[in-house]
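Kindly generate the complete structure, drawing on both the sequences and the hints.
Listed here are the chains, written in short residue letters.
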Amino acid sequence: MDILPIFSTLRRHKITALLLVLEIALTCAIVCNAVFLISQRLQRTEMASGVAEHELLQVQVANIGKPANGKSRAQEDLALLRQVPGVTAAALVNQVPFTNSSSNTSIKLDPAQKLPTLNATMYMGEGLIASFGARLVAGRDFTADEYLDYDDMRSNPELQNKVGSVVITQALGERLWPGQSALGRNIYMGDTSVRVIGVVQSLIRPSLFMGDDAAQWTMVFPLRLSAASASRYVLRTAPDQRQQVLSEAAKVLRKADPHRIVLKKDTLDDIRGAFFQNDRAMAGILVGVIAALLIVTALGIVGLASFWVAQRRRTIGVRRALGATRRNILNYFQTENFLLATIGIVLGMVLAYGINLFLMTRYELPRLPGMYFPMGAIALWLIGQLAVLGPALRAAAVPPVVATRSV
Amino acid sequence: MFTYYLDLALRSLKRNKALTALMVLALALGIGASMTTLTVLHVLSGDPLPGKSHQLFYPQLDPQDMDGYKPQDEPPEQVSWIDGMALLQARRAHFQALMTGGAVPIQPAQSSIDPFFEDARYTTADFFPMFDVPFLYGQGWNATDDEASAHVAVLTRELNEKLFGGKDSTGQTLRMNDVAFRIVGVLDSWRPTPHFYDLNTGSYSADEGVFVPLATATDLKFARNGSTDCWDKGSSENMKTATCTWLQFWVQLDTPAEATAYREFLLNYSREQKALGHFQRPPNVRLRDVMGWLDYNKVVPSDVHLQVWLAFGFLLVCLVNTVGLMLAKFLRRSGELGVRRALGASRRSLFAQLLVEAGAVGLVGGAGGLLLALLGLWLVRGQPSDYAALAHLDLPMLLATFVAAVMASLLAGLLPAWRACLTPPALQLKSN
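Sequence order for the protein chains is A and B. Under UniProt numbering, the first residue of the first sequence is numbered 1, with each subsequent residue one higher. Under UniProt numbering, the first residue of the second sequence is numbered 1, with each subsequent residue one higher.
Since the hints were derived computationally from the structure, they do not count as laboratory data. From a predicted model like this one, the values you see are computed outputs, not experimental measurements. The beta-carbon is built from N, C-alpha and C at its ideal position, and this holds for glycine as well. Just to be clear, a hint being listed does not mean it is correct.
If you want the footprint, here are the derived chain A segments under chain B, 3+ residues with CB under 8 Å [what the hints assert, rightly or not]:
{"hint": "1", "region": "11 to 20"}
{"hint": "2", "region": "105 to 116"}
{"hint": "3", "region": "275 to 282"}
{"hint": "4", "region": "285 to 296"}
Right under this line is the structure:
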């Protein structure tokens, strides 16, 4: 295929060709980055929680006035909930994954340390680890006699020193003691210290306000909550029984103490869905923008190619009269588009890299992986070839006799 | 002359309908996307209290111990009960209010409505005059009510609608958390955006439905919403003595001189507290006004900024597309232009004629962009975020859409028009 004649023709349409190249470059750069952003967002929605998500339910209640006896109220509630058909576990906990409400504390590895090591979240509630379905990978869960009453601790801060043990996530252990076992080590919070007795594979913190890297910095304490100090009942059941258990549990709780309000009753799947809804919405917007960009660019190529074909009707006729086949003419326009697209794509890659650098500094995005560059290139080559096909076929259909006619 | 050019432009545009439609569509898409995202940005970064916001300030102090101290750190974003009360009682500003968010169970008198939880604000009397809160019935409580922990409440218009069918409910009794409150006022519609005075409960969240004196709420141990940051011994049953920051404190200072004096007062207060041993860190105070406070907290979600960039990138592609198409179109008419030149038309008038054509495309594109922006905003309102409902086009943005569309298409028409005028008349006539 002769490329030189194409170049000499393009030289006569410098500005138009340049504009087409520029359009392809911009589209290519934006598409590369947008696809990358989409993959980032979708990947985020897949974040592991470490709990049996499809089996968990949360019923949140609120008391009107202070309950007369919070401790016995909680025990009675839990006993009633465990009797609901289908419930395999029930716990009263202070916080639940993906609910955006959490208690957190800064921790140290050495009491003399001036600055805290990091900020981790604090889960509490009797039987929390087993009810959540968090998987222990080292050590053990708390024994029944290890639990202290949270309410007692609130009124008597001295009891804080009696807590003694903690279960942490694998990720937190690895962050605090890289490459070593976390079991038996001490974590300091203010004046108190706790010893790591167990490690769970994963347990996400309820709110990601510290960034996604801190998502697994989680500690679980052996504290028993009361109906006065906690409001979240977590139930575990088979996935297909969730709705039924949920409405039954709300009824049971209201009946046991009518002087309270059921604030929320949701499956953990729904809570998770709501937590990531902004990411999904953003991914949707990006898909829309990519589609619109590719369509506009494709239509632009169609428009310009049609013009060129119309403008060169006579030249095409002459070429045909001099012996060029229809295929030659078709190939000519396809090659021309391929050349312009290639120049545009090369420019687009540089631009894509630039945009990524800008996003990295402004929005703390990671570097654009190399695999996105060929993806953008292929997309634009395809779009270009598809768009030029129509006008090129029209060009190929120009009969040689056109050469003999003057306008 | 203009009408003649317009006539020529319309004829030319009609001659190639598909191409004209393509140019208009590309322009409309670009303008529509940009206007949608700009409107969202405009709404979210707006001034919650225009005309007043520069007189409202948010004092910050650093009462923490030396644990974790870094000299360059910002002071905590809220105040403790002890400091908040001290600043409140010092009365150094025109108005001052100490507050926190919360939620209370409301027990309606009529049995037809089940008890429900309502977001609440526990604050002090100056809240209402300081923020220019409009009242439909009655008024806010006064400083005496604050001191006496009076059982008084102010409802929003929406809650009054729900509980009392919109009638004047002042003087009536409302049971909340098993306690009877006397309603002293009902607000008119009021939703400052962003929710600047407490960003802990969501920057754009709908406002609370009921207002109760802070002292009353703390005495009755009403549930709090918001964040608590503690140091040393930390939180305990009694939040009044806890070494925690959990309250927002706002002041109104009418002149820059008053603001300077108030900053000095904050520094002196910090020095005094340090001398007394209550504070340990060196004095570290801030006094930001409303917009400064919103800026510092970066209230506009970064996704919104990202969407604006994305839309402008899209607009740029659409513009380049339109420039290319217009250039091709104008150059193709070199023959016609050559004839006009040969008949005595100046370059300037040809240029004007072509720009009128470009402007016509811009006008139609702008109208299309406006429709698309309305559609885009409707889609935004369907989104899950808490600011979604606020996305509405206002008059300035509407005008901006049109100006932007016409400017963009004139800009897109400049290069092609200039290029097309350059061809000498003789050459064009000869080649035909």
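Evaluated hints:
no., hint, in the structure
1, 11 to 20, "holds (count 4)"
2, 105 to 116, "holds (count 4)"
3, 275 to 282, "holds (count 4)"
4, 285 to 296, "holds (count 6)"
Of the hints listed earlier, there is not a single one the structure fails to meet.
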